[in-house]
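Chemist: Read left to right, the first sequence gives residues 1 to 662 (the numbering used here).
Heads up, a few of these hints could be off.
[Claimed, not checked] Computed cross-link-like contacts, DSS-like style, restricted to lysine-lysine with a CA-CA straight-line distance of at most 27 Å:
(1) Lys103 to Lys447
(2) Lys277 to Lys293
(3) Lys103 to Lys631
(4) Lys112 to Lys277
(5) Lys88 to Lys631
(6) Lys339 to Lys359
[To be verified] Ranges of calculated distance between the beta carbons of each label pair, as one might list FRET restraints:
(7) Asp446 to Glu522: 42 to 52 Å
(8) Thr657 to Glu247: 17 to 27 Å
(9) Glu437 to Asp272: 45 to 55 Å
In case anyone wonders, no lab produced these hints; they're calculated from the structure. From the three backbone atoms N, C-alpha and C, an ideal C-beta is built for every residue, glycine too.
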Amino acid sequence: MYRHLERRLAVRLREFLLQRYPGATLPNIVIEPPPKVELGDFAIPVFPFAKSLRTAPLKIAETIRAEIGPIEGIAGMQVAPPGYLNVKIDRAWTALALAANQKAPTTAAVGKILVEHTSINPNKAAHIGHLRNAILGDTFVRLLRYAGREVDIQNYIDNTGVQVADVVVGFTHIEKKSRAEIESLASQPRFDYYCWDLYARVSQWYEQDKQNLQIRAQTLHGIEDAASETAAIAELISTAVLRRHIETMDRLDIEYDFLPRESEILHLHFWDAAFAKLKDAGVLTFETQGKNKGCWVMRRAGTGSTTENTGDTEELVKISEEDQKVIVRSNGTVGYVGKDIAYHMWKFGLLGRDFGYRKFYRYPNQHDCWISAMQGEKEHPHFGDVEEIYNVIDARQSEAQNTVIEALRGLGHNEAADHYTHFSYEMVALTPRCAVELGYKLSEEDKTRSYIEVSGRKGFGVKADDLLDQLIVSAKNEVDSRHPQLTETGRLSIATQIAVGALRYFMLKFTKQSVIAFDFKEALSFEGETGPYSQYAVVRATSIFKKAAADPDTFLRDSNISAADFERFLVGENADEFWELWLASAKTSYIVNQCISTTEPAYLAKHAFQLAQLFNAFYHRHPILSESDEKRKQFLLATVAVVRRELIRTLSIMGITVPPVM
RNA sequence: GGGCGCGUAGCUCAAACGGAUAGAGCACCGGAUUUCUAAUCCGGUGGUUGCAGGUUCGAUUCCUGCCGCGCCUACCA
1 MYRHLERRLA VRLREFLLQR YPGATLPNIV IEPPPKVELG DFAIPVFPFA
51 KSLRTAPLKI AETIRAEIGP IEGIAGMQVA PPGYLNVKID RAWTALALAA
101 NQKAPTTAAV GKILVEHTSI NPNKAAHIGH LRNAILGDTF VRLLRYAGRE
151 VDIQNYIDNT GVQVADVVVG FTHIEKKSRA EIESLASQPR FDYYCWDLYA
201 RVSQWYEQDK QNLQIRAQTL HGIEDAASET AAIAELISTA VLRRHIETMD
251 RLDIEYDFLP RESEILHLHF WDAAFAKLKD AGVLTFETQG KNKGCWVMRR
301 AGTGSTTENT GDTEELVKIS EEDQKVIVRS NGTVGYVGKD IAYHMWKFGL
351 LGRDFGYRKF YRYPNQHDCW ISAMQGEKEH PHFGDVEEIY NVIDARQSEA
401 QNTVIEALRG LGHNEAADHY THFSYEMVAL TPRCAVELGY KLSEEDKTRS
451 YIEVSGRKGF GVKADDLLDQ LIVSAKNEVD SRHPQLTETG RLSIATQIAV
501 GALRYFMLKF TKQSVIAFDF KEALSFEGET GPYSQYAVVR ATSIFKKAAA
551 DPDTFLRDSN ISAADFERFL VGENADEFWE LWLASAKTSY IVNQCISTTE
601 PAYLAKHAFQ LAQLFNAFYH RHPILSESDE KRKQFLLATV AVVRRELIRT
651 LSIMGITVPP VM
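Use the sequences and the hints to build the structure in full.
Modeler: Following this line, the structure appears as structure tokens:
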């Protein structure tokens, strides 16, 4: 609703200014929320207009105020020095629309969006860094879907790389296990934990004797031959670990539609098709000398002119050695960036090849997750060939991501390149204290750092399932003591919802570019700016209605609070404290929009917290059920119902559900 | 060396697109409701936004230079 009004205001304002000041070039119109409610609901700084309209800011503001005429949903405007035009929303009008749960007409965006996230190497258990990725990605998917977009969720599986090879080495050369033994281990409950430890041991084994690295090379080579025993073992391990990742993420309500695997990209020769096109377009050049002699290289992203050369020479600009990114090695094999280019051409439907598809995992809600295959099933959904893509990948990979984008540009697919977004975020590290708690010995230097990077290779980190288990135990203790009369399963279910809420909120409350220094004390907190705080506000709202023997949503639908009633409680002295709740409630889709256009889900967490905070203060100040003025009681109940609805809505976009009691 | 990013209260973080008195949570101190359950609420302490310049009516935000920190910079994936 707020967003709807903002757009209406912007359009009207532009129209008015163009008509009132013909010929003037208008700067971009900025409309922002004022710092305080008393000032109004929209603030328009008019300073930027002063220059182009050659008029004093206050005069422009006054002209607009006096002459723009009535706008539906807008109650009035005020000029505020030194140069703001503050706009007040028609409160009763908005409250009526909100109470009726009226959806503002949305401009239906078309075209499918592909969001890729999680993408964990299938050789060890998922850790907290992977959780941040998956939660950011999943929340972004929910944001897009809330905004009416069609989204496919993909989780890219690198099942042929060194990381998987290392675990294969661990099983076959350190533990000397047979394929049958590995198979039996892989069916054990937390096989990914087993691999986690083994992976760390393999890394040590390499360090003990560099000769051992040759085993890795052999194994890596073996994996590429689909018919080999090594490949079969790799497939067995990676599939079992992948299944564990899917299960772990399912605990957090994170689902996928399709799991494209590198093995299929390899064996279905995606690269060959891409290679031909890249050569034709001159994106790749063959090096005949220097350290990259015999390699096909391209210009590393962000190094010098990627646009057309200024024309003095037709010759290809020589790329200096250090600006070269090797795509095809001198032995003819392709590196991962090359595979990624091919894969992204497929995503945009530019490759001319497709995967085979078969079903891999069925979620409790009957939704199927598909996986790539050499020979797929006849009937399958259509993946790829999308309009836009978002890749949720941490900031360390931004150069590689940009190189893929440059390759698309080089191929002439500028539109595709423009619709390729690297959803970049910073890593999750551990505080030194946390590392010590986990039993790691720290160097003196490490102790002074504010955070320490996790390392799967060293087995250094907090596993996703462990963290979730701890959160559940901790929440369960609280629930047990608060609700001893409930059944064990009932209490566990509540504790799980709280744990998931705490975890998802925790990962979303930081902005993307902030490194999360993970600390158990903070992550396990259920007080203050946390998920449970917001969940609790909803529980309180629900409980008011329970006591009143009414359902909040039907109450809203059937309520016959008139515009005059809303006017009475929302306008005038002391009304701002109520209006703040309605105003915040009106902002959900505005916030969603902001999250999408900035690829920043953290605003959503802030919104949930603000709603909860406003509600809790309101809850404390105003007894509702004992209110003797019937009209006022109806109004207060409506306020509770609307805030509750928007809070549930916001939390659900964050993938957080609310327990019946807490 | 080059590229990207960061530096805000004791700690962890906000403040999108330059805007009004830089806000939260935690911690600390002091209070509140025999209620619609205190996983709550109210108040207080706490700031030269790393430093120095510049642009602007206006800079935490943009530019330049320093200082400090992180990540990337493999014929690994």
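Chemist: Hint by hint, note whether the structure agrees.
Modeler: Hints, verified against the model:
Taking the CA atoms of Lys103 and Lys447, the gap is near 53 Å; set against the 27 Å cutoff, the hint is violated. Taken as a hint, the Lys277 and Lys293 pair is honoured in the structure, with Cα atoms around 22 Å apart against an allowance of 27 Å. For a cut-off of 27 Å, the pair hint linking Lys103 to Lys631 stands: about 26 Å separates their Cα positions. For the proposed pair Lys112 and Lys277, the alpha carbon gap of about 25 Å is at most 27 Å, so the pair holds.
For the given pair, Lys88 sits about 25 Å from Lys631 by alpha-carbon distance, which is consistent with the 27 Å threshold. Using a Cα cut-off of 27 Å, the hinted pair Lys339 and Lys359 holds, with the two alpha carbons roughly 24 Å apart. About 20 Å separates the C-beta atoms of Asp446 and Glu522, a value inconsistent with the hinted range of 42 to 52 Å. Take Thr657 and Glu247: their Cβ atoms lie about 19 Å apart, and the range 17 to 27 Å holds.
Checked against the given bound of 45 to 55 Å, the beta carbons of Glu437 and Asp272, roughly 50 Å apart, stay inside it.
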